[in-house]
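Protein sequence lines, in the order shown, are assigned to chains A and B.
Read in numbering that gives the first Met the number 0, the first sequence has 384 at position 385, and its numbers run on one by one without any break.
Read in numbering that gives the first Met the number 0, the second sequence has 49 at position 50, and its numbers run on one by one without any break.
Treat the hints as calculated values from the structure; they're not laboratory data.
The beta-carbon is built from N, C-alpha and C at its ideal position, and this holds for glycine as well.
Errors might be hidden in some of the hints.
[Stated by the list, open to error] Per the computed footprint, the stretches of chain B lying under chain A, defined by three or more beta-carbons under 8 Å from a beta-carbon of chain A, are:
1) 76-87
2) 121-135
3) 150-164
[To be verified] Simulated crosslink set (SDA-like; lysine to any residue; CA at most 25 Å straight-line):
4) A:Lys87 <-> B:Lys170
5) A:Lys386 <-> A:Lys568
6) B:Lys170 <-> A:Ile155
7) A:Lys256 <-> B:His155
8) B:Lys68 <-> A:Pro785
9) A:Lys256 <-> B:Cys104
10) A:Lys256 <-> B:Ser127
11) B:Lys35 <-> A:Gln729
[Claimed, not checked] Over 10 Å on every C-beta distance to chain B, these chain A residues come out as not near it, computed from the model:
12) Ser1
13) Thr162
14) Asp849
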Amino acid sequence: MSLRNPYKPSEWINRNKQINFMFEGEAFTAFEGDTISSALWAANQKVLGRSFKYHRPRGVLSLANHDVNILMTDGVDTNIRADVVEVKEGMKLYAVNTKGGVKKDKNRIIDFISPFLPVGFYYKAFHKPRWLFPFWENVIRKAAGLGVVNFNYPRILKRKLHTHCDLLVVGAGPAGLTAAYTAATAGLQVILVDENRCAGGSLSYDRGGDSITAEHLTTLLQKVNSLPNINLITGAYAAGYYPDHLIPIVGAAGITKVRAKAVIVATGAFEQPPVFRYNDLPGVMLGSAAQRLIYRYGVKPCNNGIVFTANNYGYRVALDLLDAGTSVSAIVDLRSGAQGGAYGDLCAVEIAKRNVKIYAGYCIYEALATSDRSRVSGAIICAYDDKNNVALADNKFTLDCDGIAMSAGWAPAAALLYQAGTQMQFDYSVQQFVPNRLPAGVFAAGKVNGVYELDQRMKDGERAANDVLNYLGKASVKINVQKSNVEKHGGTSPSHAYPMVPHPKGKNFVDFDEDIQIKDFENAAKEGFDNIELMKRFTTVGMGPSQGKHSNMSAIRILAKIRGLPVEKIGTTTSRPFFHPTPMGHLGGRGFHPHRLTSLHDWHAANGAVFTDIGAWKRAAYYLQSGQTKEEAIQTEAWAVRNAAGIIDGSSLGKIEVHGSEAAEFLERFFTGKYAQQKVGTWRYTLLLDEAGVVIDDGVASRMSDDLFYLSIGTTNAAAVYREMQRCQQMWQLDIGLVNVTGALGAINLAGPAAQKILAGLTDCDLSPAPFPLGHVRETLVANIPSKIIRASFVSDMAYELHSPMDQVPHVWAALLKAGKQHGIRAFGSDTQRLLRLEMGHAMPGVDTDGLTNPFEMGADWAVKMDKPYFIGQRSLAIINKRPVNKQLVAFTLDANFKGEMPLECNLVIDGDNINGRVTSIGFSQTIGQTIGLAYVKPYQKAVGTTFQIRTDNGSLVSATVVDTPFFKKQKEA
Amino acid sequence: MQALSITDVSELMRYGVKGPQAANWLAKHEVVIPAKPNAWVLNKNAIVMRLGISEFLIEDQKGGETCSKLAADTLRVAGVYKAPRVDASYMLAGSEVHNLLSEICTLDLSESALQENDVIMTQVAGISATVLRQNINNEMVYRLWCDGTYGVYMKHILLEIGAEIDAMETKS
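Just chain B, same shape as in the assembly (with noise of 0.2 Å):
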């Protein structure tokens, strides 16, 4: 096991809706949502996360198309707001992956406190981020979301620190 990865996969697609009816208008799209808010479930080869009661964010992962087949809908429907996302999205994993995250976070994202399908939205390096934990592959991966426009920083800052819990590796 690596002692940490830090993984831009900014790349993938997304789709943001909310409002009264996003759940219903979800559900017509054959999305599955999480029953509960701040929760998240993988469906179809995308995450699907409740940010609220009337939330969501959801991630195609590799080869998935739910964000795309949502974004072809168009139509405004009273209740649904689509919520365009322009997100920063990291996979951070690896031995030394909870220590990074104690120097970016004040949350407690260890495994006993964040439970597998928790989806927390808290401060990370000082800016707003969504963060849940998810098993890859029977790899424990962090998975974290921060805007767009944070995403040079926050990247900056997640190599800087990893970069010296490597060297601190290395030393010991």
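Chain A with its partners taken away, still in its complex shape (with noise of 0.2 Å):
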């Protein structure tokens, strides 16, 4: 039998357009606008999920996505909010976490166990015997998560939008369309978001069985429209609070990142579902759903009704069930001083003309479900003493009903207002947590600020914006609406202090995320778990995807209760962004991964190379030619240098000129070395630290004239030592001027025994050894183009570094190749690099050292001037120079026939079962016909021709010997 009912003008379904889907193998047709819940529930199927515990049935409970009892899959996509996310054609859906279908899911014999099964039993349980646990793992890890994670989930960039206003309201109800049209007529550039598919909030659900609120809604919402400065922004919602009012709003299209010069938060509330047995049976479900169901979707909750409330509220929903047709068998009312209906209210009044039979001060103890458990067909009714709580069960009887509206009170969203850190306090006369402080530059309104009165919470909007205007210094004459013109709530409170019923069987829920019910409070504070943030972690109350939207107030009273201490003692959780489970492709997003590439990264990939990430850096690894290994590469570029010539695209390095009178000073400051007196022409090696004396990076400075020296740095580094230059010149306010020129030119290194004949044909500068020795710098032409020739050795003794215009360098590049190829000369890559300078047993910074090492302990005491004034660093090494060293890097090889598992870096070199340090590089040298590394070991093992143990990946151990560098002894001139 179809629940739909006639067309009504509020209701977001378009009935001209019909739209057929599956549900669980079974057809059904559904109207455009339709969500899959209202759809199913218009076709009378109740059972349209399972609990995630004891796999108990569930079918609609707020219709908001506040809760999760309906959660699908579409065989592609899992956990589909099924309460909000439209149906579309074709659809074919099904329950999550079932065996077996949602009717007769095979695990719902879990429910029958549940005694067995109390909140905290995995923790005690499964631990021992220790051999058995594995199985239970396997049984566990099946057990848990609701839908199933698809790992062929297509790859669909959400997109991540930044936006700006100057005000961000939160929530599109009665007080959030007031302050949003009240603060853009004022001028305020405003965006309005609210969660639901149309703003409107309450407005578009609650009537009350009148149609004022229809009437605002429409008034309201062609005012905003009315107003270009409104961003109206619906389906999507506020994850989080972030500093300076950063608030992300999630859609479905992606996540845009609103920075706004203030914020209202007018979220509401959430709708608190009273606590009974069996109150999760489907056909249960909050009064606001209900009244979802009958004026967004045109649907009829149940034929035939019980109003289980607490509050006022719960004779709105009466009153609007029967105007959707529901017969209301009565209304049970937990306050015995409700004698004769509610307090005060007109609803209660019109709900006395229905004749309605109203059961004040009686509670429902218990829903009574169909033979097959799958719905609500009655309720069991007796006496509650509200003072002390407990049902009076005695003269309890019973009425029949197909469901069960409940309205107990509220629970101000205000996660938000939590995670900007306002200072709430409890309101009594609201039952509810309000805002006592908030930060500068936000503001709640509504519900959530404890105002509950339609006309009032429009004021309260009102006022909100008002307050914005004063905050933003754009005070206007017009709108001055102060607090005091804001009535607090008056009569009685919109949520009871206590909406709970005790039940000797239990299987009364508060938490239906977790199906955690009163008793399980109760054990978890007899086992000593009575402290709000314990009991939470305990019992794993708000630890669902509802995130404790319906049960966190619910386990505070809870908790209260049983600590005999006020609510505002126990006081509440932590909020964190974000507060609402947001999809994994959302926070992904578009990643930004920026590289840098060199003006020779074309001719790299057209000639085999295979690329590595260096810092932002694509650096050409390895030429791979045809049948060639890596390991093939990497030795055949290896031999090249040795043997012939190389070449390395080295265009990544740091690279910055220092100018000014105070250049040298600077860099005696910044560095380790001395650079006073080093001569114009020539190169000196760098070091820096950071003030505890740690290896951070190294290079060299050329001298180019007395005020201007030319580094070039660490490629990983590069950036953030430019950084820290600029840092230090800002306190040391020296005659200098920095410029980072890493970009603006590249870098070639051409090493190997032909290296000088092949540069010899390009240049007229005089390479011969005795003018242009090792360690001097020449500024000359290379091909023509201006560049810098460094003689460095860092891959051998046989090298020249040519510093030229990046957008130069290919041509210098295409040169060097075509003059060297007589020679044999070959590109090289980064890895064959990282071989060639172990082989010249260089330390590199970043490899062979970590976050703690300091230059004693690599070996890099000589370049380092403790009789200087001052250096970063210098006071620590000061400090560290009086203690013995720890650890000591030592070059090491390996038995020149060694076979066995190849140690790799990171292995540990152990002695007995002591570690005394690792592996920091490690590599098999052809030149040198062994395997050669550098690795730290105690200064008892330093000494040359020490052998140590190194503990490889499977768990052999392996001998190598302390040796001497170079590894490699100076190469001759071909």
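Make one complex out of these two single chains by using the hints.
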């Protein structure tokens, strides 16, 4: 039997367009605009999901994306929130977390053994015997989770946008709409966001049997839509609050990060279910859910309903049910004081006229299920002692029904306020936490602010907008609503202080996500978890996908009662962004992964380069020729450098010019070495430490003139080193200027016995060792391109580093290849470079050091001039120098004919039971004919000839012998 | 008006100079500079950007000769540090340009926030960049500069997002 009602003008569905879809293998029809849940409910399908833990049947609870009773999969996506996701033509849907379908879920047996599975049982079980744990782990892993992750899910880039506004209003209910309109009227640029598909909040469903709210909604929407400076975003939620009013708005298409000058939180409140036995049966739903079904989707929640209320709101729900054609057999009011109807509420009067029986001071003791346990069939009702919060079950009686609407109160949707740092206080007049002290630029309005009457909520929105205008210095004479103009809530509280009905057999659910009952809290407290944060973690209340929207407040009340404390002494749990589950695809979005390319990148790619990421750069690691392995490619390239010539693109090196009369002084302070007396036309080693004396980077400083140094530094740290230079200069205020030319200049390293001959043909510079020895630098033309030639020996004694304008580097490169062809020149990559420098015995910061290594440990004592007045890290080194060295970097070789498991970088140096150090670099050198490496060892192992043990990945121990460096002895010119 | 246009103008000539005497040095070369930092002026068919108190980036527009004239002066002068510029440079325009910018930059680059002669140094698509707004033939154009070694990356990002926006436009 269909529960679809006749057309209502306010509804969100288009009855002219029918949609066909499948649920659990059965065909259904819907109207365009129906959510999956509303369409199925209209078709009288009540079991739409299974609970997470006990696999209990579940139906609609909030119909607002605030609970996860109904999660579905369409085979591609999972955990689809059926309450708010619109049904589409051809969908084939299944409930998640079932075995054998939602109606005949085989795992429903867990519900029958639930007494043996109280909260925390798994903390205590399964640990012993230990050998059985893998079995239990497998069982638990299969049982845990809701939907199944689809590892073939298509990669869809969700956009992450940034936008700015004067005012962000979160929540487009009566308070939010009024606030947005008021602020926009005064000229502010306003973004108004609401999680629902259409704006209006409760105005779109809370009618209480008349049309006033609908008229308000029409008027407000007309006003808002008339102003171009209001950007109304619906179907998107404000997921968190970050400093300086940065709020991510999550919509279907992606995330928009809004930076606002001020924020009004008008997020309303989540309706709270009363807690009674079997309050989770399909057909038992929140009063507001029933109203949503009626007015948004034209669906009757049930045919014969009971309203279980603990506030006046339930009477409004009853009127709406009557309007929808539901017969209301009773209103069960938990409040004994509501004799004959709600306190002074007009709806109660109207209800009385409609001959609906009101049981004041009564509770639903237990909801009854149909024989197949698939839906509610009635309710056991009895008197309720609301002073002691106990059901007086002696005179209980039963009423038949096929639906129960629950209205026990509200919990403020205050996550954003908490995250913004709002100080909240408990207001007994409304029985909820309300803002006490708001951070600058953050404002609250409406129900979240403890204001409940409709006209007052709109006035509160106006007041909040007025506060914003004052805050932004744009106070308007026309708009001047003070806080005192907004009346505090009068009459009875909209929330009951303790809407819980104890039952000896339990199953009175507090948290629907995790199937947590009242007794679970009592047990947790008995176990000592009687602090709200501890109780949360032990019981897992609020830790499910609903994040406690319907359970946290009840948990606080229960704990307060157990401990005999007022609610405000219990406090709340910490609210963290994102407050609502957000798909990983949204969080991932489009990633920006910046990378830099040298001007030779295309050449590398065309010549078989295998690229590696070094810092932000894509560098050629080696060039793979047909049929070669990586190792063969590296050995071939290394062989060329040792026996003929090789060139490597070193353009990624950091390059910085230090200009000015105090350039040398700057270097003296910045690096560990001495530069004041450095001769023009020479270079010196640079070693940079941090203030703790830890090695950060190294490089060379070429003195181009008295007042100009040219620094080349490591690729990875170049940007950080430049920033640190700028920071130091800010402090030191020397007469210098720093120019970062990393991207403007490229570099080529030409190395090998034939290097000099090759280069000689391209430059007029005399390259003979006597006029141009190691340690010198020249400015000249190379292949007619202005270049610096630096005689450095990083990979070979016979090497020239050529620095030229980046866009001219390909020309120089091509000229070198052409000139070197007859000498057997070949390009080599950064992996080969690492082997070559290892053969030379050079340690590399970042590779052969870590975040704690000082220069004494890496054997760079020679580069540290402690007799200088000052350099960064000197003070720390002076202290370190007085202590014994704890580790020492040594060079080692493996036996020449070693054939076992090859040690790798980071393998440990072991001595008995002790870890003495680790391997930092290792590789087989064809030139040396041995495996060579660098490793940290204890100082007692550093002497040449000492052997030590390296533990490989397979656990075997390999002997290594400490040797002197360089491994590769001085190279002669070809 | 096109929905979005992305033009690579990296081939335009640029010149960078910084240092305490840079402003005087430019004045001697008859280059008009902005009176305050983070501003730009158009001078003799060149965009002259003042990136800081004593740092300047100049880009010749089509037919401009300022940069080549400055580059011809190779004399080193105390307090004047030539900063070779190999930037990637793009012109972004069209009705959807803000849609593009909102994805690659966290700052508000709308007309209400970015004044006519403002120069902003910020992060664009995760890298350091310089941005300004320019009116060319009555069309608002955003100019974007980044280090040339990031040029391929930046162009890829701009085109990728541009294509998505184009697809959305076509759909709607």
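Q | Check on Thr162 (chain A) being off the interface with chain B, judged by Cβ distance over 10 Å | A | violated (6 Å)
Q: Report holds if the minimum CB distance from Asp849 (chain A) to chain B is greater than 10 Å, and violated otherwise.
A: holds (27 Å)
Q.
Taking 8 Å as the Cβ threshold, is the statement that the stretch 76-87 of chain B is covered by chain A upheld or broken by the three-residue rule?
A. holds (count 8)
Q. If you look at each residue in the stretch 150-164 of chain B, do at least three have a Cβ nearer than 8 Å to any Cβ of chain A?
A. Answer holds; 6 residues pass the 8 Å Cβ test.
Q) Within a Cα-Cα threshold of 25 Å, do Lys256 (chain A) and His155 (chain B) meet the stated pairing? A) It holds: about 23 Å lies between the C-alpha atoms, which stays within 25 Å.
Q.
Given the hinted pair Lys170 (chain B) and Ile155 (chain A), is their Cα-Cα distance within 25 Å?
A. Given that 25 Å is the threshold and the Cα spacing comes to 17 Å, the pair holds.
Q: Quickly compare the C-alpha distance for Lys87 (chain A) and Lys170 (chain B) to 25 Å and report which way the hint goes.
A: holds (19 Å)
**Q.** 8 Å C-beta test of the stretch 121-135 of chain B against chain A, three or more residues
**A.** holds (count 3)
**Q.** Given pair status - Ser127 (chain B), Lys256 (chain A), alpha carbons within 25 Å
**A.** Distance of about 20 Å is within 25 Å: holds.
Q: Sort out whether Cys104 (chain B) lies within 25 Å of Lys256 (chain A), counting only the CA atoms.
A: Holds. Lys256 (chain A) to Cys104 (chain B) sits at ~11 Å (cutoff 25 Å).
Q: Decide if the proposed pair is consistent with the structure: Lys68 (chain B) and Pro785 (chain A), CA atoms, cutoff 25 Å inclusive.
A: Judged against 25 Å, a Cα distance of about 19 Å means the pair holds.
Q.
Lys35 (chain B) and Gln729 (chain A) were given as a pair; does the straight-line alpha-carbon distance stay at or below 25 Å?
A. holds (20 Å)
Hint check: a violation occurs at hint 13 only; the rest are consistent with the structure.
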